[in-house]
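Q: So you can see what is in the structure, the chains are spelled out below.
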Amino acid sequence: MIEKDVVVVGAGPAGLAAAIEASAAGASVLLLDQNLKPGGQLFKQIHKFFGSSAHRSGTRGTDIGTALCDEARRNGVEIWLNSTVMGLFAGNKVGIEKGTDGTLKQILTVHAKKIIVAAGASENVVRFKGWTLPGVMGAGAAQTMINVNRVRPGQKIVMLGSGNVGLIVSYQLMQAGCEVVALVEAAPKIGGYAVHAAKITRAGVPVFLRHTVIEAIPDDSGVVSKVIIAQVDSSFLPVPGTEKTLEADVIAIGAGLKPVAELLHLMNCAFTFSPVFGGWIPLHNADMETSCEGIYVAGDSTGVEEANTALEEGRIAGISAAEKLGYIDTEEAQAKKAEIWQRLGALRLGPFGERRLAAKQVILNEFEQKTARGMHHGN
Amino acid sequence: MGTRIANHIVLGEDSRIAAVEIIVDGKSILANEGEPILSALLANGIKVNRYTAKRHEPRGLFCGIGQCTDCAMVVDGVPNVRTCITPVKSGMVIQTQDGLGPKEAAND
Chain A
1 MIEKDVVVVG
11 AGPAGLAAAI
21 EASAAGASVL
31 LLDQNLKPGG
41 QLFKQIHKFF
51 GSSAHRSGTR
61 GTDIGTALCD
71 EARRNGVEIW
81 LNSTVMGLFA
91 GNKVGIEKGT
101 DGTLKQILTV
111 HAKKIIVAAG
121 ASENVVRFKG
131 WTLPGVMGAG
141 AAQTMINVNR
151 VRPGQKIVML
161 GSGNVGLIVS
171 YQLMQAGCEV
181 VALVEAAPKI
191 GGYAVHAAKI
201 TRAGVPVFLR
211 HTVIEAIPDD
221 SGVVSKVIIA
231 QVDSSFLPVP
241 GTEKTLEADV
251 IAIGAGLKPV
261 AELLHLMNCA
271 FTFSPVFGGW
281 IPLHNADMET
291 SCEGIYVAGD
301 STGVEEANTA
311 LEEGRIAGIS
321 AAEKLGYIDT
331 EEAQAKKAEI
341 WQRLGALRLG
351 PFGERRLAAK
361 QVILNEFEQK
371 TARGMHHGN
Chain V
380 MGTRIANHIV
390 LGEDSRIAAV
400 EIIVDGKSIL
410 ANEGEPILSA
420 LLANGIKVNR
430 YTAKRHEPRG
440 LFCGIGQCTD
450 CAMVVDGVPN
460 VRTCITPVKS
470 GMVIQTQDGL
480 GPKEAAND
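Sequences listed follow chains A and V, in order.
Residue 1 is where the first sequence starts when you use our numbering, and the numbers rise one by one after that.
Residue 380 is where the second sequence starts when you use our numbering, and the numbers rise one by one after that.
Hints in this document: simulated from the structure, not taken from any laboratory.
Among the hints, a few may not be true.
[What the hints assert, rightly or not] Derived pair list, reagent style DMTMM-like, types lysine to aspartate or glutamate, alpha-carbon separation capped at 25 Å:
id : chain 1 : residue 1 : chain 2 : residue 2
1  : A       : K48       : V       : D393
2  : A       : K156      : V       : E414
3  : V       : K406      : A       : D220
4  : A       : K37       : V       : E483
5  : A       : K37       : V       : E400
[What the hints assert, rightly or not] Far from chain V, by Cβ distances over 12 Å, these chain A residues were calculated:
id : residue
6  : I2
7  : I79
8  : W80
9  : N82
10 : N92
11 : R150
12 : G191
13 : F208
14 : I214
15 : A230
16 : S234
17 : G279
18 : G294
19 : Y327
20 : F352
The model shown is predicted, which means the values in this text are computed figures rather than measured ones.
In this text, a Cβ means the ideal position worked out from N, Cα and C, and glycines have one as well.
The task is simple: from the sequences and hints, build the whole structure.
A: Put into structure tokens, the structure is as follows:
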């Protein structure tokens with residue numbers, strides 16, 4: 001069996017940062033990702049990031065992705081792509097399926113002294129009549145097509161959801177030459193940042209607040225050709241008689257994301273439900289270690305936020321794993337981690353950030369209260 | 380019907396030239412070597428990838444990152460290949476999937 005000090009699941013910003021830190025400290029690191037390329041969703045973020053210069057504000061997500069991948073390779077991180085982690089098993093064994101579809105795949109088991117799960121998030125769905133038709137897709141799927149594959153998923157887009165994903169992807173669809181015929185939001189106001197919303201409204205995109213999509217109608221080939229939207233009441237139920245029919249061949253659903261943490265459920269890690277973070281969240285301590293000793297978590301898997309928070313949490317997980325393995329002395333590790341927690345605090349400011357700061361504190365507190373390890377350590 | 384983005388305000392000009400041939404349901408189309416099969420299909424206006432086993436309902440691009448399997452097709456005789464994450468190779472033979480096998484042309 002292959003032996004590694006640290007196995008990191010997921011080569012997005014959190015996983016790359018974790019792998020870089022652990023490897024820089026001297027640990028042997030294997031970084032796994034099911035995709036053809038590392039970088040997670042960074043490569044579809046062609047916009048410039050916000051924040052302070054410490055968090056590379058003004059840099060495009062794609063460039064951050066390239067820099068992280070280069071740094072990981074320079075640090076000697078071993079990266080396996082096309083490698084799906086099927087499960088974690090007792091004794092810190094990682095089950096991996098390696099190979100592309102349509103080819104003979106290999107099943108491999110790697111033994112890891114420490115495991116870091118940074119599996120990211122998946123898009124939420126809104127169900128309406130016709131939601132399974134070709135033409136209905138995640139907003140992230142539409143973004144991948146235009147920004148990574150450079151192909152338009154259709155010409156006329158209805159965007160459902162006005163959070164930051166819905167707003168940014170609407171703008172990027174316009175940059176790609178699509179027409180956004182409507183931005184539809186069930187809430188009475190736009191969900192995302194005003195700066196993103198302004199780009200959409202300035203361009204004249206019709207915004208339908210207190211509305212939802214109630215039906216997608218296909219053409220003869222079975223692909224979306226018309227979209228019926230309607231006003232919703234205060235219980236979010238459609239109001240009869242308010243229906244409007246729009247000509248569109250794409251409905252992009254930007255209805256939030258939920259953490260991907262099945263591997264930690266398999267290990268029976270302790271979880272809590274956090275609406276702010278998008279669903280069931282694995283409890284963890286300030287080292288990003290879960291209730292299962294030796295298994296760490298970072299990034300969207302521990303609450304949907306953004307690339308910079310994922311990066312910082314990944315760094316903490318990588319440093320903590322290397323510290324436990326004796327590659328970094330405790331004093332140095334503690335100092336590094338304290339500095340990163342401070343930077344994380346700076347990222348969790350403002351009306352949106354403060355809710356996330358509070359939600360993160362709940363997770364840390366519940367770890368102490370609910371897990372035997374939290375009580376024993378009691379820090 | 381071309382939907383490729385030749386020029387992009389941020390990404391610049393696309394230097395790739397769709398130069399390899401793949402066969403989709405018996406017809407030849409042009410694709411970029413190494414791009415996901417799905418993006419070559421979209422660039423050629425093909426949006427239905429498969430039909431479900433029981434009700435034969437059409438399915439197409441949904442997640443775009445290999446999670447949902449809605450874009451699965453028969454590639455070089457192998458069914459259930461996720462076209463959004465499988466790279467194009469010159470000469471690939473791709474068939475619309477119906478249930479677990481290729482869709483028969485006679486059913487059209």
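Q: Hints first: check each against the structure and report whether it holds.
A: So, going through the hints one by one against the coordinates:
The hinted pair formed by K48(A) and D393(V) meets the criterion: a straight-line CA distance of about 21 Å does not exceed 25 Å. Annotation: proposed proximity of K156(A) to E414(V) holds, straight-line Cα distance about 24 Å (limit 25 Å). For the given pair, K406(V) sits about 20 Å from D220(A) by alpha-carbon distance, which is consistent with the 25 Å threshold. Between K37(A) and E483(V), the direct Cα distance comes to roughly 35 Å. Violation of the 25 Å bound is thereby established for this hinted pair.
Simply put, K37(A) and E400(V) have alpha-carbon atoms about 24 Å apart, close enough for the 25 Å limit, and the pair holds. With a least CB separation of 24 Å from chain V, I2(A) remains clear of the 12 Å interface cut-off, as annotated. With a cut of 12 Å on Cβ distances, I79(A) stays outside the contact zone with chain V, its closest approach being about 17 Å. For W80(A), the condition that its CB be more than 12 Å from all CB atoms of chain V holds, with the nearest at approximately 15 Å.
The claim that N82(A) is not at the interface with chain V is violated, since a C-beta of that chain comes within 12 Å of its own (minimum 9 Å). Annotated as non-interface, N92(A) keeps its C-beta farther than 12 Å from every C-beta of chain V; the closest such distance is 26 Å. The claim that R150(A) lies off the interface is violated: its Cβ sits roughly 5 Å from the closest Cβ of chain V, which falls inside the 12 Å cut-off. G191(A), annotated as away from the interface, keeps every beta carbon of chain V farther than 12 Å; the closest lies near 21 Å.
No Cβ of chain V comes within 12 Å of the Cβ of F208(A); the nearest lies about 23 Å off, and the non-interface call holds. Listed as outside the interface, I214(A) is consistent with that label: its C-beta sits roughly 19 Å from the nearest C-beta of chain V, beyond the 12 Å cut-off. With a least CB separation of 23 Å from chain V, A230(A) remains clear of the 12 Å interface cut-off, as annotated. Under the 12 Å C-beta cut-off, the non-interface status given to S234(A) relative to chain V holds; the minimum distance is some 31 Å.
Distance to chain V confirms G279(A) as a non-interface residue, since its nearest Cβ pair spans about 16 Å, more than 12 Å. Every CB of chain V is more than 12 Å from the CB of G294(A) (nearest about 27 Å), matching its label as outside the interface. For Y327(A), the requirement that its beta carbon stay farther than 12 Å from each beta carbon of chain V is met, with the minimum near 33 Å. Every CB of chain V lies more than 12 Å from the CB of F352(A), the least distance being 25 Å, so the non-interface label holds.
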